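Chain by chain, the residues run as shown.
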Amino acid sequence: MSTRLEKPIFEYSVPGRCAEDQWPRDPGAAATEDLPASLRRTGRPLLPEVSELETVRHFTRLSQLNFSIDTHFYPLGSCTMKYNPKACNSLAMLPQFLARHPLSPESAGQGFLACLYELQEMLKAVTGMQAVALSPMAGAQGEFAGVAMIRAYHRARGDLERNEIIVPEAAHGTNPATATMCGCVVREVPVDPEGDVDLEALKAVVGPKTAGIMLTNPSTLGVFERRIEEVARTVHAAGGLLYYDGANLNAILGKVRPGDMGFDVIHVNLHKTFSTPHGGGGPGAGPVGVSARLAPFLPVPLVGRRGEQYVWLTERDLPQSIGRLSGFMGNAGVLLRAYIYMRMLGREGMGKVSEYATLNANYLLARLQRAGFDAAYPNRRATHELIITLKRQAKELGVTTMDFAKRLLDHGMHAPTTYFPLLVPECLLIEPTETESKAALDAFVAAMAEILAEAAQEPERVTGAPHTMPVRRLDDVRAAKHLDLTWKPTASHATPTTPATPASP
Amino acid sequence: MSQVPADLKYTKTHEWLRTLPDGTVEVGITDHAQHALGDLVFVEVPEAGRKLSAGDPFAVVESVKAASDVYSPLAGEVVIGNPALAAEPEAINSDAYGKGWLMRLRPAAGAPAPALLGAADYEKLIAEEGG
Numbered sequence: 004m005s006t007r008l009e010k011p012i013f014e015y016s017v018p019g020r021c022a023e024d025q026w027p028r029d030p031g032a033a034a035t036e037d038l039p040a041s042l043r044r045t046g047r048p049l050l051p052e053v054s055e056l057e058t059v060r061h062f063t064r065l066s067q068l069n070f071s072i073d074t075h076f077y078p079l080g081s082c083t084m085k086y087n088p089k090a091c092n093s094l095a096m097l098p099q100f101l102a103r104h105p106l107s108p109e110s111a112g113q114g115f116l117a118c119l120y121e122l123q124e125m126l127k128a129v130t131g132m133q134a135v136a137l138s139p140m141a142g143a144q145g146e147f148a149g150v151a152m153i154r155a156y157h158r159a160r161g162d163l164e165r166n167e168i169i170v171p172e173a174a175h176g177t178n179p180a181t182a183t184m185c186g187c188v189v190r191e192v193p194v195d196p197e198g199d200v201d202l203e204a205l206k207a208v209v210g211p212k213t214a215g216i217m218l219t220n221p222s223t224l225g226v227f228e229r230r231i232e233e234v235a236r237t238v239h240a241a242g243g244l245l246y247y248d249g250a251n252l253n254a255i256l257g258k259v260r261p262g263d264m265g266f267d268v269i270h271v272n273l274h275k276t277f278s279t280p281h282g283g284g285g286p287g288a289g290p291v292g293v294s295a296r297l298a299p300f301l302p303v304p305l306v307g308r309r310g311e312q313y314v315w316l317t318e319r320d321l322p323q324s325i326g327r328l329s330g331f332m333g334n335a336g337v338l339l340r341a342y343i344y345m346r347m348l349g350r351e352g353m354g355k356v357s358e359y360a361t362l363n364a365n366y367l368l369a370r371l372q373r374a375g376f377d378a379a380y381p382n383r384r385a386t387h388e389l390i391i392t393l394k395r396q397a398k399e400l401g402v403t404t405m406d407f408a409k410r411l412l413d414h415g416m417h418a419p420t421t422y423f424p425l426l427v428p429e430c431l432l433i434e435p436t437e438t439e440s441k442a443a444l445d446a447f448v449a450a451m452a453e454i455l456a457e458a459a460q461e462p463e464r465v466t467g468a469p470h471t472m473p474v475r476r477l478d479d480v481r482a483a484k485h486l487d488l489t490w491k492p493t494a495s496h497a498t499p500t501t502p503a504t505p506a507s508p
Numbered sequence: 007m008s009q010v011p012a013d014l015k016y017t018k019t020h021e022w023l024r025t026l027p028d029g030t031v032e033v034g035i036t037d038h039a040q041h042a043l044g045d046l047v048f049v050e051v052p053e054a055g056r057k058l059s060a061g062d063p064f065a066v067v068e069s070v071k072a073a074s075d076v077y078s079p080l081a082g083e084v085v086i087g088n089p090a091l092a093a094e095p096e097a098i099n100s101d102a103y104g105k106g107w108l109m110r111l112r113p114a115a116g117a118p119a120p121a122l123l124g125a126a127d128y129e130k131l132i133a134e135e136g137g
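Residue numbers (the numbering used here), protein chains in the order written: chain A, 4 to 508; chain B, 7 to 137.
Each hint can be trusted.
Sample of chain B residues with no beta-carbon within 10 angstroms of chain A, all distances over it, derived:
(1) Val31
(2) Ala54
(3) Arg56
(4) Arg112
Here are the simulated DSSO-like cross-link-like pairs (lysine-lysine), alpha carbons at most 30 angstroms apart as the crow flies:
(5) B:Lys71 - A:Lys10
(6) A:Lys212 - B:Lys18
(7) A:Lys10 - A:Lys491
(8) A:Lys484 - A:Lys10
(9) A:Lys258 - A:Lys127
(10) A:Lys394 - B:Lys18
(11) B:Lys15 - B:Lys71
(12) B:Lys71 - A:Lys484
(13) A:Lys89 - A:Lys441
(14) A:Lys441 - A:Lys355
(15) B:Lys18 - B:Lys57
(16) B:Lys71 - B:Lys18
(17) A:Lys398 - B:Lys15
(18) B:Lys71 - B:Lys105
(19) A:Lys398 - B:Lys71
(20) B:Lys130 - B:Lys71
(21) B:Lys71 - A:Lys394
(22) A:Lys89 - A:Lys355
(23) A:Lys394 - A:Lys441
(24) A:Lys206 - B:Lys57
(25) A:Lys484 - A:Lys394
(26) B:Lys105 - A:Lys484
(27) B:Lys130 - A:Lys398
(28) B:Lys15 - A:Lys394
(29) A:Lys258 - A:Lys89
(30) B:Lys130 - B:Lys15
(31) B:Lys18 - A:Lys206
(32) B:Lys57 - A:Lys212
(33) B:Lys57 - B:Lys15
(34) B:Lys130 - A:Lys394
(35) A:Lys398 - B:Lys105
(36) B:Lys105 - B:Lys18
(37) A:Lys398 - B:Lys18
(38) B:Lys57 - B:Lys105
Treat the hints as calculated values from the structure; they're not laboratory data. Model, not experiment: these values are computed from the prediction. For glycine and all other residues, C-beta sits at the position ideal for the given N, C-alpha and C.
Isolated chain A (complex conformation) (with noise of 0.2 angstroms):
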């Protein structure tokens, strides 16, 4: 990784400096012509004024400030940042795939939606569902559909009382948002000391206007909901759904499946289990899966088959669907990726990703006990990831889990995810994912081991920190009050006012 701070484009402008081969061809005054003259601009633009190799380089050198999975170690609990396998973007990207208009002729695109329609047969037998749409564009968006489709449930039936959507302290931190987004109040119900659910707390809110409850499991604390047929069962007495949010389902691809633990509707991201593009803003996949009873309400389009024939499948065809939630079909190209991949790991495959994950994570989990740090839940087994807490070393040595999470840095491994949980102090929540060694996973216990040793010793080494990096400790609390994103020229920058020089023909 580089250290150098790469300044902004701007700041390599010299006038008249330009990559004329790059220039789009000039379409004259007709393109303009039909723009009232008040919005016509007058002046040029204010752009960078840079050569080809310039903007190469600054590009270039931009992006290996990164971290990223493809040159670190990046355990960042919560999110599966697994390694995707090349091929899953070269097969995605075939020209065939890439060329097709989403307004084409079913008759033209078989082959996509062959390849849609197994998608959808493999997320429910993987998830134990009875029927998946993906058009979701987002986790969030899945999330969306699925507390949508509940909601529409309960009406269809004339049940409209029904607004309460229950979340457990150990859920999935988006679910309150998502809930609160489809109208939804939000009951909060607390974990016992071990990371169960409360039952009796569940107990005592569920009723008459619960809608649903929204689980993950394994949950947010690392530990795998071990009383989650009672759960099923309290719910569905009251008359409530059961919605599985799927950020965890890493920890049981292959093993044990959402529909047979009870719960009636999922949503997956496929950009964490099944290896599409993650970080960065996406571009994501949502799908959600139901249970019989919610398949009339799914989002459209649905790929179906008539005869030989595959076919879209859209509100002619499920009159009580939720909508559309995204033009055309989702973002068919990270759907194509995830239809790779599962077709590469195939049925066997898909266990041996949550016997890894889920040893890897308890592997680190039992060598970092070794090191001197202390589990969040010592007496419970670590799913696919494991939280350690740092209160004793905040307390002792006056160094931090963010003191921590910055020197790791230095030692060159994205940080693990800090302070959430909410619910555990000074925690660290750490999911190396299946795809990392044992050579990968002792380098980080090693690297945890240097810096607790140096947080005795030499503290200001770690609350300094990170030394290594292009920035130093970066002020959050600025950075969030301030937030200034807009490059401003400076006088040497002036607007030009030129008019832009016609392009060469």
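Position chain B relative to chain A; hints supplied.
Showing chain B alone in chain A's frame:
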């Protein structure tokens, strides 16, 4: 060590209460809570006139680490949310029991007395939590 003024009442969820001479109740988050949250960057306070049941979330406090709901210890009606916090959320960090108050509440008549903690019991609670 967190400050726990002896003349206030507390909740298990780290709110404090001060009964004012006019019978209204001032509510904020404790010094222990602000310390756990870290530097606050955004605070949402309730509008006057909002009716609250005991246990309802009435404010949101957001730090660089986390966003958290703050719960009303009493049923009643909001008299005023602290208008200064929008521009100066850090007042909660620097003066949790003074300038950092979140709302003033007129308790509902006849509401059952809530289970509040005295200073000694609250100190015991945060000591158990490792504060």
